[in-house]
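K.L.:
The opening position of the sequence shown corresponds to residue 231 in the working numbering, with each subsequent residue numbered one higher.
Worth double-checking, as some hints may not be accurate.
[To be verified] When the alpha-carbon atoms are kept at most 25 Å apart in a straight line, the in silico SDA-like pairs for lysine to any residue are as follows:
{"no.": "1", "residue 1": "Lys-267", "residue 2": "Met-412"}
{"no.": "2", "residue 1": "Lys-287", "residue 2": "Met-412"}
{"no.": "3", "residue 1": "Lys-287", "residue 2": "Ala-298"}
{"no.": "4", "residue 1": "Lys-267", "residue 2": "Glu-297"}
Derived by calculation from the structure, the hints in this document are not laboratory data.
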Amino acid sequence: MNEETKSQLNGLAYRIGQLNFEINDWKWLEEQLGKVKMSSDHIYGTFSSLSRILPKKAVELLDADREALQLIAPGFQMRAWDTHRLARMLLLLNLRDLMEADYVQVLNHLFDYADISEMVALYSSLIVLEYPDHWKSVCVEGIRMNIGLVHEAIMYDNPYPFFYLDNAAWNQLILKAIFNDMQLAYIVGIYARMNEPLISALLDYVAEREAAGRTVSLPVRKLLSLSEKNYSFNMN
Numbered sequence: 231m232n233e234e235t236k237s238q239l240n241g242l243a244y245r246i247g248q249l250n251f252e253i254n255d256w257k258w259l260e261e262q263l264g265k266v267k268m269s270s271d272h273i274y275g276t277f278s279s280l281s282r283i284l285p286k287k288a289v290e291l292l293d294a295d296r297e298a299l300q301l302i303a304p305g306f307q308m309r310a311w312d313t314h315r316l317a318r319m320l321l322l323l324n325l326r327d328l329m330e331a332d333y334v335q336v337l338n339h340l341f342d343y344a345d346i347s348e349m350v351a352l353y354s355s356l357i358v359l360e361y362p363d364h365w366k367s368v369c370v371e372g373i374r375m376n377i378g379l380v381h382e383a384i385m386y387d388n389p390y391p392f393f394y395l396d397n398a399a400w401n402q403l404i405l406k407a408i409f410n411d412m413q414l415a416y417i418v419g420i421y422a423r424m425n426e427p428l429i430s431a432l433l434d435y436v437a438e439r440e441a442a443g444r445t446v447s448l449p450v451r452k453l454l455s456l457s458e459k460n461y462s463f464n465m466n
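Build the full structure now, drawing on both the sequences and the hints.
P.N.:
And the structure:
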């Protein structure tokens with residue numbers, strides 16, 4: 231993201247926050263955002279403790295804000311977000327003025343010590359983090375975890391994997407989603423990034439399941455049928 235886009239996202243995130251928190255809760259969060267901007271060390275305690283202070287409820291977006299979010303960060307949605315995840319993303323956005331080494335150090339600390347809900351917020355926010363190339367290995371590590379909520383945070387409504395993962399990591403993500411029976415339709419760019427190794431792996435998967443007398447889900451068949459090459463296999 232360029233600086234103008236980052237500023238637009240920051241403003242939009244603040245507006246969404248104001249609409250989703252009661253006045254006193256938003257006032258508390260605004261104070262924490264200001265403290266984090268003044269000293270990044272403040273984020274460590276706040277990132278964790280906010281779940282004990284702020285109420286947790288589903289994030290609601292106005293249609294105009296939903297459309298604006300798609301213009302700023304295509305594919306990025308807050309479809310299943312709660313207010314704790316939103317608050318944590320706002321805290322992360324207030325680190326953007328740090329130098330790269332300091333920024334990476336703070337984020338690495340947050341990833342290293344995060345509980346599940348904090349990991350969900352971090353992985354959901356990958357697309358808005360500074361120095362996006364740095365987080366490729368972090369994203370791959372999350373894919374390899376056996377934590378369903380983390381997988382959803384990385385895979386669902388999150389354009390980061392589409393834009394930044396290489397084919398090997400992308401293919402691993404798609405195959406993991408299929409093996410875990412996840413919603414393929416929520417994966418940003420899934421059809422655009424079909425590639426020969428992935429198609430080959432999917433054909434092997436289909437053949438193995440059919441040989442074992444097991445069904446193949448319609449989303450997987452659709453994925454293959456819409457790929458760039460035509461492959462023949464039993465569609466019954």
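K.L.:
All the hints need checking, so say for each whether the structure fits it.
P.N.:
Hints, verified against the model:
no.	hint	result
1	Lys-267 x Met-412	37 Å, violated
2	Lys-287 x Met-412	24 Å, holds
3	Lys-287 x Ala-298	22 Å, holds
4	Lys-267 x Glu-297	28 Å, violated
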